[in-house]
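S.K.: Using the sequences provided together with the hints, build the complete structure.
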Amino acid sequence: KFPLAIIEEGKRDVEKIRTLLAVNAEENSLTFAGNVEEGETVRLCQTNHDRLVEGAGGAAELVMDGLGENKTNQTGLALCVSCVGRKGVMAELVADEIKQVQQILGAKTSITGFYSYGEIAPRPNTSDSVLHNQTMTIGYLSENVLA
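Numbering (our numbering), first residue to last: 704 to 850.
Any given hint might turn out to be false.
[Unchecked claim] Result set (DSSO-like, lysine-lysine): computed pairs, CA atoms no more than 27 Å apart in a straight line: (1) K802 <-> K790; (2) K811 <-> K790; (3) K714 <-> K704; (4) K704 <-> K790; (5) K774 <-> K811; (6) K704 <-> K802; (7) K802 <-> K774.
Bear in mind the hints are in silico, worked out from the structure with no lab data behind them.
M.R.: Rendered as structure tokens:
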């Protein structure tokens, strides 16, 4: 429930999130889903159900923005990849993020997906990709049928 935000060097922006996987009291160590390099600036985060659902909705809005003029009555398939860390926070309410995605993408969009232990995607405002945790990633497939 308390991932680490890795802060971009020289900025206050979050570069990536790391999910805590294990605590080893004997070795005084923590195991994260992905690297945390020595010397990186980190911040302890806290999230809640509503913010995670809002984030999933934001991912769906990005899909809709990408459809441009074709988004009205679009038939498609959304492949939703959600981080298992989100599932841990949301527990039995985990379906709420999918309901939010469905509401935004519309009834003509079929939804499938799975949980992952990290997603590879670009960092904000860059073209390089890194491993992210605690995200909802949506791939969208559709066909533009010409009459």
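S.K.: Holds or violated: are the alpha carbons of K704 and K802 at most 27 Å from each other?
M.R.: holds (22 Å)
S.K.: Check the hint pairing K774 with K811 against an upper bound of 27 Å on the C-alpha distance.
M.R.: holds (11 Å)
S.K.: Please work out if K802 and K790 have their alpha carbons no farther apart than 27 Å.
M.R.: holds (14 Å)
S.K.: Below or equal to 27 Å on CA atoms is what counts here, so check K714 against K704.
M.R.: holds (25 Å)
S.K.: Between the alpha carbons of K802 and K774, is the straight-line distance 27 Å or under?
M.R.: holds (18 Å)
S.K.: So if I understand the rule, the pair passes when the alpha-carbon distance is 27 Å or less; does K811 with K790 pass?
M.R.: holds (26 Å)
S.K.: Given the hinted pair K704 and K790, is their alpha-carbon gap at most 27 Å?
M.R.: holds (10 Å)
Every hint, counting from the list given before, is met by this structure.
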